[in-house]
Amino acid sequence: MRAQQRLHPGAWWCWGLLTAVGLSGVTNPLVSASVLAALAVVVSARSVKASSRAFSLSLRLGVMLLVVRLLIAIAFGARTGGTVLWSLPSVPLPSWFAGITIGGPVTVPLLLGALYQGLNLAAVLACFGAASTLAPPAELVAALPRSVYELGLSVAIALAFLPELSESAQAVRAARRLRGRPTSGLAGFRGMAIPVLEGALERSVAMAAAMDARGFGRLRRGGTHPRVVPVLAVVGAASVTVGAVGLLAGGVATAVGAGLLLSGVAAAGWSLRIRSAQLLRTRFTEVPFSWRASVIAGAGACNFVLLLALNRWAPLLVASPTSGGAPSFSIATALLVALVLAPLAVVRGGAQA
Amino acid sequence: MITFSSVSVTYDGADASVWSDASFSLQPGAFHLVVGPTGSGKSTLLGLMNGHVPHFTGGTVSGSVEVGGRSVATHRPRDFADLVGVVRQNPRSGFVTATVLDELVYAMENLGFSRDAMQGQLEVVGRRLRVDALLERPLATLSGGQAQRVAIAAALMAGPSIVVLDEPTSGLDPDAASEVLDLLVDLVHDHHMTVVCSEHRVERVLDLAASVVIVEDGRVWCGAPAAAMERSSIVPPVVEVGRAASWTPLPLTVAEATPFADSLRVLLPRAPEVSPPTAQRSVADLSRASVHYGDLAALDAVTLEIHAGEVLGLMGPNGAGKSTLLGVLSGLVALGEGTCTVGGADPLTLQPADLVRRVGLIPQDPGLLLYAASVGEECRSADVDGGLTPGTTEAWFARFQPSVDLLRHPRDLSEGQRLCLALAVICASEPPVLLLDEPTCGLDNVAKVHLAEVLADRAAAGAGIVVASHDVEFIAEVASRTVLMDRGVVVADGPARTVLSAAGPHRPQIAQLLSPDPWLTAAEVIAAMGERP
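Protein sequence lines, in the order shown, are assigned to chains W and A.
Number 137 in our numbering belongs to position 137 of the first sequence; there are no gaps in the numbering.
Number 469 in our numbering belongs to position 469 of the second sequence; there are no gaps in the numbering.
Which bits of chain A does chain W cover? Going by a derived footprint, with three or more residues having C-beta under 8 Å, they are:
#	region
1	71 to 81
2	103 to 111
3	322 to 333
4	350 to 362
5	372 to 386
The set of hints was computed from the structure by calculation and includes no laboratory data.
Ideal Cβ placement from N, Cα and C applies to all residues, glycine included.
Turn these sequences into a full structure, and let the hints steer you where they fit.
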């Protein structure tokens, strides 16, 4: 009963991560903005209010990135032609600093270019935020096969940092007010950053201690790890990386890239298999990867493929303010939004605790 | 079951050992109480019992610790997971998953239990600890008492024969605390488990203990409860009176002391008078104040006036609205309806720098107020914040904790020492309204007496003080007026002596012993004994 109601958390992470990877480098602001909106719709439909902090935090971080990106463009951006809005005094640099300028005229294309890139960063970040809101990292780790459990755990502790961080921030904010210190502005931010980080870190350490005390990572009696395991893992990870980069960047032939990718996955899988035989760990609730989960993960995969294909063959996705013309909303964008929203078709809103 | 042989512990970078040359052994199937002042090293002692010290914390351990035949030197905490269950002071900091069910099966999964075995344990332990109805709940939605029960159940699931608890009742209201303690009694008596438990409020658990371990002044002593109470600096109020009146055998509980009650009454010259409240200037005002969280009324049309020079003890079960009330008074929580005025202004609208001069709140986790990298720096920055003469905060801190090295990091202090530092930081600005949320969690008697003195001193200087606490003995010690709350409303409000001596099963020990005379504390009884000609 319970297992059927539960959705495999991996589904949401496939959906979020694949969309994020596909989205990186897509500078069409309409694409970024519509994906952002679609993510917000899914998160607000699915999550309980209290647990949506990770998403709102990622949105806030996105806005910060956007602002920083704009400021950097204004100060150091490469000066191109176009309508000049205002001029900053420019600092002459020696000729070997080619390509880098400080100050100079601030033009419309300069600002627009930075804005588009910033929006893209924000959208990618929001994908992560949405995934960790819809399926808390702790849940994801619990659902991992026991062989990758330890690996996943280090990732989970790193990811758990985000929600911990936002909770810690609220507590610190209240406490700063109680001590009569500013809670906003630059001074507020500076004073809060350290205690917030400290709090989240402390919580992570306490969690690690509790896990240790409750038998985390116990091996079978007499269990050891054969030496071949780390070798296989490293070789596997390396060929996955080279294969994936080759495919994405187009540096190697598709067949070679795919071959490397597949053999890497196989090597890593084999090492994990050997390793899992040594671990004691069992599972109480096996959450099956149901058809619903497959649809959600599939939507992410489709997004990835669609964006990859468009990136290669339809440069419409890359909006450049200098090449003229307003960014356009294409059928592809509509399809993308539909795919981001697809999970809502198979799961009822708010059903999952 | 647990054997320490000439054990000393020294943490890395520390000049001296936490305590040294501890030799004792704890018998199986019994309840063992660990007592000692704040920062004396009780947590270190408990941490050794599953290898948390030194494997996780670092440091050097000399001598040998054997638990159930396994040596701590060669076994890591995970190797003790099937033998020793650990429950920490704050149950939430030990949670590793998101829901109760996941949390309960966690240790069993790591130890490779079969699904059927897990199901069986869930049913048995779940029923025993009354957590079976909570299985589907997210951990974040549990009350304090529920969270502590889940933490204990999670520690018991893998079937350990020893359970180690670090102050398991300190954050709980009296009802939830006695429920948790009853569970521990069951574990010992019906299931022959070995329970090792540290506790500041000795009166809650003394009658359960087979032996008492005292950690004090760098030494560890272990013996029978009666002998322990003769020498411990931390004793319940009846023992304090019993020691002063030289009762033999020394009674450990109110029931054991009852035969001496009549002889004690003869020694006391008069029953204490209940002084009628005198008309005083009000420093904070709540008028029909309501706060709603969804459907839940955390505060329901509360009207309350806090006067200059009084210490108001705010009591009531968890969820009664005490923390919300303090939040409203300190401008952290917005009122739904009604008004709140502190020093003539609505605290919600005040700028932080202005707020801190009118009202000071010590939150339940006092560490939140501390940011600096050392105690000394913390004190100096508080001087700057409040525009005070340099050294003011340091002087306040020295009153609470005279012997703490100013170079230490606030996070390395014990809970009690940290509270004292936060208190010093807030008190330094001498706000006319001082609010404390559960200040006595993790505080030993000596620190409590200091705290009581400081609160009395602040009250005498004209401050209005509100202390929200479950610690009825502490409220008896400090409060001039007591307000009882339940489900967002005030159910009793009056002189502390009247309200507390009528507070039912959770009355102070002395009130239980000498009822109907409204005596409340050991200190006033001992003082009155001395007055007799």
